[in-house]
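S.K.: With the hints as constraints, model all of the structure from the sequences given.
2 protein chains.
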Amino acid sequence: MAGVDVAGEFETIRRLFAPLAHPEWGRGLMDDVAVVPSKPGHDLVLTKDAIVEGVHFLPTDPLDTVARKLMRVNLSDLAAKGAEPFGYLLACHWSERCGWPERMSFVDGLRADQKAFDVALLGGDTVVTPGPASFSMTLMGWTPKGRTVGRAGARTGDLVFVTGTIGDGWLGLQAAQEKLSLEPDRVAALLEHYRTPTPRVEFAGPIRDFASASIDVSDGLVADLGHLAEASGVRIGIDLELTPRSAAGQAWYDGRVDEQAALESLVTGGDDYEIAFTARAADEAVLRREAERRHLRLTRIGQVLAGEGIVARFGGEPILVDRPGFTHR
Amino acid sequence: MAGVDVAGEFETIRRLFAPLAHPEWGRGLMDDVAVVPSKPGHDLVLTKDAIVEGVHFLPTDPLDTVARKLMRVNLSDLAAKGAEPFGYLLACHWSERCGWPERMSFVDGLRADQKAFDVALLGGDTVVTPGPASFSMTLMGWTPKGRTVGRAGARTGDLVFVTGTIGDGWLGLQAAQEKLSLEPDRVAALLEHYRTPTPRVEFAGPIRDFASASIDVSDGLVADLGHLAEASGVRIGIDLELTPRSAAGQAWYDGRVDEQAALESLVTGGDDYEIAFTARAADEAVLRREAERRHLRLTRIGQVLAGEGIVARFGGEPILVDRPGFTHR
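Protein chains in written order, with numbering that gives the first Met the number 0: chain A, 0 to 328; chain B, 0 to 328.
These are computed hints drawn from the structure, not numbers from a lab. Computed from a predicted structure; not experimentally measured. Don't take every hint at face value.
[Unchecked claim] With a straight-line cut-off of 30 Å between C-alpha atoms, the simulated DSS-like cross-links for lysine-lysine are: (1) A:K178 / A:K144; (2) A:K114 / B:K178; (3) B:K178 / A:K38; (4) B:K144 / A:K38.
[Said to hold, decoys possible] Here are the simulated distance ranges between beta carbons: (5) B:R96 / A:I318: 36 to 44 Å; (6) B:P22 / A:K144: 15 to 23 Å; (7) A:R255 / B:P39: 51 to 59 Å; (8) A:E316 / B:P61: 49 to 57 Å; (9) B:P22 / A:P61: 38 to 46 Å; (10) B:R13 / A:K144: 27 to 35 Å; (11) A:D117 / B:L319: 45 to 53 Å.
Glycine is no exception: its CB is placed at the ideal position from the N, C-alpha and C atoms.
M.R.: Below, the structure is given as structure tokens:
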């Protein structure tokens, strides 16, 4: 069949990936398997995301940032569940354009983020494809036994919070597609957010301790809170004006004529990788302290109500948000 | 960007994959993560394989057998390490030809093998690609703490064994490509072996208890024993005439003029998913009993020597095997 790997599967593993392997559990990537000892009193938490060139990343995106984004997207899933990451397995489906320089760039990205987030490579597979490149990662972490935070714990009267800012992922995609007219430094900030979002790994502890339900914002704030409302059997109300915006996001917003439409774009765009969660009102003060200690912005954007679905308000009035983010519900 | 999923990501998960999820640990595939409790006194063993249409499987291969082969290839890795499988994560990169019927076929294959091998779906991702379809699986199992069998334990004087028969995977590929002239029932048997090899999951226990080093035969018997010899720092000698052949393999072999060339094809073709392992001579009898109890063919094909590399003998004389399986070393 087709698919001779010009760079060589074994050479790719030996030269590029083996140096990233966990010194003990990864077995030098030479034994078909990884072996991870049990962590007594803990649960194993696993997530897996796949990305495809031309679908989830642009053919023009540098491969080091593609690797970092893949890792960060997965790290974000674990953080929202209160889990501490430790390692990952990786499948690389290299396209024909992925020679040594491209593979080295990809591995550079992995190396940087392994160090930044204290995770190690455990194993995986490297293959070639006659189509566009794609990658998938299985990321693993631990939570103390029974303490993984789900989507289903929100209760009426809880408050709704979100970390960081919302909309930069979507704006960054517009920037990458050169659809945005903003000052160069604003564009650069958004582009960086799109290519290497910051997963809130540092906030996993407070989420575990205080969140009643939690989700990371990937489909879009409104859609993801919709998932959470559905799983919890509650209604969630948010005020669009309260949605936190970055400096670049605010600059874009200030240039819009239709404020409501602009807010709708920001809360449905997705790709934010912030944590949206619910918590008891009594825990708001301690959550704010925990966020401040980490220099992390934390914004209360709404509350949990009786009923079902999600209601977005603008100027205090419920509005109909009719965007793709919603269809995913 | 491109890549609208006509069948719908959420619908695919809800209708096709959710019924396959582990009832507890998979969280109904609705929570971004799987949560697996620690198994005290056990190590977690992980493996990951990726397959691409046109490279690892043929565009004409039915998708139910593609799914089953992906699972069996991974199961084979765990079996050779003495691990007991329990669950998997899956990334499906659907091509444009993968509508509902194709996805249902793929899931049919998974369902059948989940039942056959007692594993459950834990999570994953489903995306679309404008290129050929590809899939990757992370399979997980447990071994008692510290008991995972590696490649590195072979000692001089050990014997070399292989389960089942060798060459059917390669012959099956020839059959799938219609390059084989044999009786129809022979062709059918080989085709079945190529599409749905039988991983030796049942033999994981004896491997764990008695093998000094072990590997599953995927690259080819000679190449894989070469990996084992290298990792163990020993030399491995095998007699090609001892290599076990299936009835169909024997029928093909009987039709060859050049016996040595025929044997070389069988031992370098790969895709066998049998277990090649070494064990002390004193354990041969108990290994044979364990194999018999399982109605599993077990063949002694050689011995572990001092030195390095692998020597294949034909008619008692060392021969040079110069085939692709070797270049992988």
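S.K.: Now tell me, hint by hint, if it's right for this structure.
M.R.: Verification of the hints:
{"no.": "1", "hint": "A:K178 / A:K144", "in the structure": "violated, 47 Å"}
{"no.": "2", "hint": "A:K114 / B:K178", "in the structure": "violated, 51 Å"}
{"no.": "3", "hint": "B:K178 / A:K38", "in the structure": "violated, 52 Å"}
{"no.": "4", "hint": "B:K144 / A:K38", "in the structure": "holds, 12 Å"}
{"no.": "5", "hint": "B:R96 / A:I318: 36 to 44 Å", "in the structure": "holds, 41 Å"}
{"no.": "6", "hint": "B:P22 / A:K144: 15 to 23 Å", "in the structure": "holds, 19 Å"}
{"no.": "7", "hint": "A:R255 / B:P39: 51 to 59 Å", "in the structure": "holds, 57 Å"}
{"no.": "8", "hint": "A:E316 / B:P61: 49 to 57 Å", "in the structure": "holds, 55 Å"}
{"no.": "9", "hint": "B:P22 / A:P61: 38 to 46 Å", "in the structure": "holds, 42 Å"}
{"no.": "10", "hint": "B:R13 / A:K144: 27 to 35 Å", "in the structure": "holds, 29 Å"}
{"no.": "11", "hint": "A:D117 / B:L319: 45 to 53 Å", "in the structure": "holds, 48 Å"}
Against the hints set out earlier in the document, violations occur for numbers 1, 2, 3.
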